[in-house]
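Chain B: place on chain A using the hints.
Here the protein sequences come in this chain order: A and B.
Take 60 as the starting number for the first sequence in my numbering and just add one per residue.
Take 178 as the starting number for the second sequence in my numbering and just add one per residue.
You may find that some hints are simply not true.
Not the full set, but computed from the structure, chain A residues with beta-carbon under 10 Å of chain B [what the hints assert, rightly or not]: (1) A74; (2) I80; (3) V89; (4) F176; (5) V180; (6) L195; (7) M225; (8) S229; (9) P233; (10) M326; (11) L330.
Hints were generated in silico from the structure; no laboratory data involved.
Note that the Cβ used here is the ideal one computed from N, Cα and C, for glycine as well.
Each chain, letter by letter, is given below.
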Amino acid sequence: MSSGRAPFLIWVALAPALTVIGLLVGVSLVYGVAQSLGAVPGGGEGRLSLDAYRSLLVGPTPAAREFWPALGFSLWVSGASTALSALGALLVAAALTARQRQPTGATLLVLNLNLAFPHLVWAVALSLLLAQSGLLARIAFALGLIDAPAQFPVLVRDRYGFGIIMHYVSKEIPFLVLIVLAILRTQGGQYDLVAENLGASPWQRLRYVTLPLVLPGLAAGAALVFAFVLGAYEVPALLGVRYPRMLAVLALEFFVNPDLNRRAEGMAISLLISVLTVMVVGLGRVRWSA
Amino acid sequence: MRGANLLVTFRAALLRRATRAVPGALCIALLVGPIVALVVYACSTRWFFPQLLPAEWTLTPLLRQLGSPQTRVALRASLLTAGVTTALALVLGLPAARVLGLWRFRGRTLVLLILFLPTVVPPLAIGMGLNILALRLGLAGSLLGVVLVHLVPVLPYTIFALLGVFARYDEGYELQARTLGAGPLRVWFRVAWPLLGPGLTVAALFAFLVSWSQYLLTLLIGGGRVITLPMLLFAAVAGGNPTSIAGLALLFAAPPVLAIALAARALAAGSAEVGQQY
Numbered sequence: 060m061s062s063g064r065a066p067f068l069i070w071v072a073l074a075p076a077l078t079v080i081g082l083l084v085g086v087s088l089v090y091g092v093a094q095s096l097g098a099v100p101g102g103g104e105g106r107l108s109l110d111a112y113r114s115l116l117v118g119p120t121p122a123a124r125e126f127w128p129a130l131g132f133s134l135w136v137s138g139a140s141t142a143l144s145a146l147g148a149l150l151v152a153a154a155l156t157a158r159q160r161q162p163t164g165a166t167l168l169v170l171n172l173n174l175a176f177p178h179l180v181w182a183v184a185l186s187l188l189l190a191q192s193g194l195l196a197r198i199a200f201a202l203g204l205i206d207a208p209a210q211f212p213v214l215v216r217d218r219y220g221f222g223i224i225m226h227y228v229s230k231e232i233p234f235l236v237l238i239v240l241a242i243l244r245t246q247g248g249q250y251d252l253v254a255e256n257l258g259a260s261p262w263q264r265l266r267y268v269t270l271p272l273v274l275p276g277l278a279a280g281a282a283l284v285f286a287f288v289l290g291a292y293e294v295p296a297l298l299g300v301r302y303p304r305m306l307a308v309l310a311l312e313f314f315v316n317p318d319l320n321r322r323a324e325g326m327a328i329s330l331l332i333s334v335l336t337v338m339v340v341g342l343g344r345v346r347w348s349a
Numbered sequence: 178m179r180g181a182n183l184l185v186t187f188r189a190a191l192l193r194r195a196t197r198a199v200p201g202a203l204c205i206a207l208l209v210g211p212i213v214a215l216v217v218y219a220c221s222t223r224w225f226f227p228q229l230l231p232a233e234w235t236l237t238p239l240l241r242q243l244g245s246p247q248t249r250v251a252l253r254a255s256l257l258t259a260g261v262t263t264a265l266a267l268v269l270g271l272p273a274a275r276v277l278g279l280w281r282f283r284g285r286t287l288v289l290l291i292l293f294l295p296t297v298v299p300p301l302a303i304g305m306g307l308n309i310l311a312l313r314l315g316l317a318g319s320l321l322g323v324v325l326v327h328l329v330p331v332l333p334y335t336i337f338a339l340l341g342v343f344a345r346y347d348e349g350y351e352l353q354a355r356t357l358g359a360g361p362l363r364v365w366f367r368v369a370w371p372l373l374g375p376g377l378t379v380a381a382l383f384a385f386l387v388s389w390s391q392y393l394l395t396l397l398i399g400g401g402r403v404i405t406l407p408m409l410l411f412a413a414v415a416g417g418n419p420t421s422i423a424g425l426a427l428l429f430a431a432p433p434v435l436a437i438a439l440a441a442r443a444l445a446a447g448s449a450e451v452g453q454q455y
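In isolation and in its complexed conformation, chain A is listed as follows:
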């Protein structure tokens, strides 16, 4: 029945959504690429050139001096956030489903509630908790561990990106846990029980039963997390320092610069980020679903 439908009707139903998305994304990419090549929309159309990319990628220009550390910092923060969230999610999901105990509604509610907090709010909350005069520092003082705010370790707005990483780990663990739980629910927890009856230890069950079962889904989810962190602006802007900065922060700062060369460089950075994120997500889907 479904294959007998008039193809015409199918495309009529799809047209509005496809047009809006295709037009907005397509136009934004075309304008973005044009600007990164030095075309000044509205003004006199200058010659197109790869100057912006050249000055970003091959130094020694001021832009390159900022680009490479920012790229390194972005990869460090995204990589660490992704690895820790995936590991955390695996452990939490395994603990939640251990001994045939179905995760209760309350647990699922807590996980979903964490997802409901906008990133901006979560970053604010995290800095109120972890700042040098924050709630944790007050607790440390009450326990006699520190005498002054300055003695509390710098956990947010630190130069290693710990604050940003902690933000994403605490936000993305619930996201990945829900993915893993969905897989475990649909693909039967019976394997775990069989393995336990055959004498497998909890660690062996995690390594040889749960992990192979959830790996494709978890990898695709982790790739999404990596791409999301790599392209995000708000959280690194709130929880980061002036140096080193993440690529997205650098891109926007260049983009709002009155100097038109800088604008082109900012646009080029954001396109490079996009290429990276699309590649990573593509790999996450292909590599494990093969």
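Quick look at chain B alone, frame taken from chain A:
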């Protein structure tokens, strides 16, 4: 002798339990700690460093925040933007999701890929690319411009949420009702809505939340003239006191948190994939 042995065993068990509890405790601290800090700060006044808890618990700053004209204007802009975006996303997304969810046809994978792409390309690149065009078309700084650009992340999520709903839907019911003589309106209200209603509600909720949480796209297209709650919050972080920052953050987080809590039953029923990023 035996007593000493027992003691050793007991101590070992205690130690094992403690080491096992540490990761769990750390997890809970990281998931719950920020929320506690947020609430305590929002309900405090003049709470200086070494004090463990505020000397005085009060809702006054929170209420003052809620009553300020600035907050009200931003709240209105946020509700309006997210509301209009949600309505548009449903109108555009419903027919597409129905076709994609119910039928297999040539080109379906390509369509899904095109719709999936904007969820992977960072909003930064989309917003920066559309910035100049919006200026040229006179859409920069207007609510319409902001709504249009919000559709880029919102519409794909809406369609993917609805896709799951339609995948579990059987068109046969509609066909039967039509055969028995019901008109299209009657089929929609008596057959389709009772079956699709809960799923549609959850999809609308997510569309609203994705739009509600946007900061960067509003900034790049709104050009500082469309001031939504996240814009206000971002500005407050740069130079405000912790109490008012926490109050504003709480106000901004309240609708999504309430909505998710209310929709918890539908969520637990198994649409975990919808969560995603926003």
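Query raised in the report: Broken hints, numbered, in rising order?
Result: none
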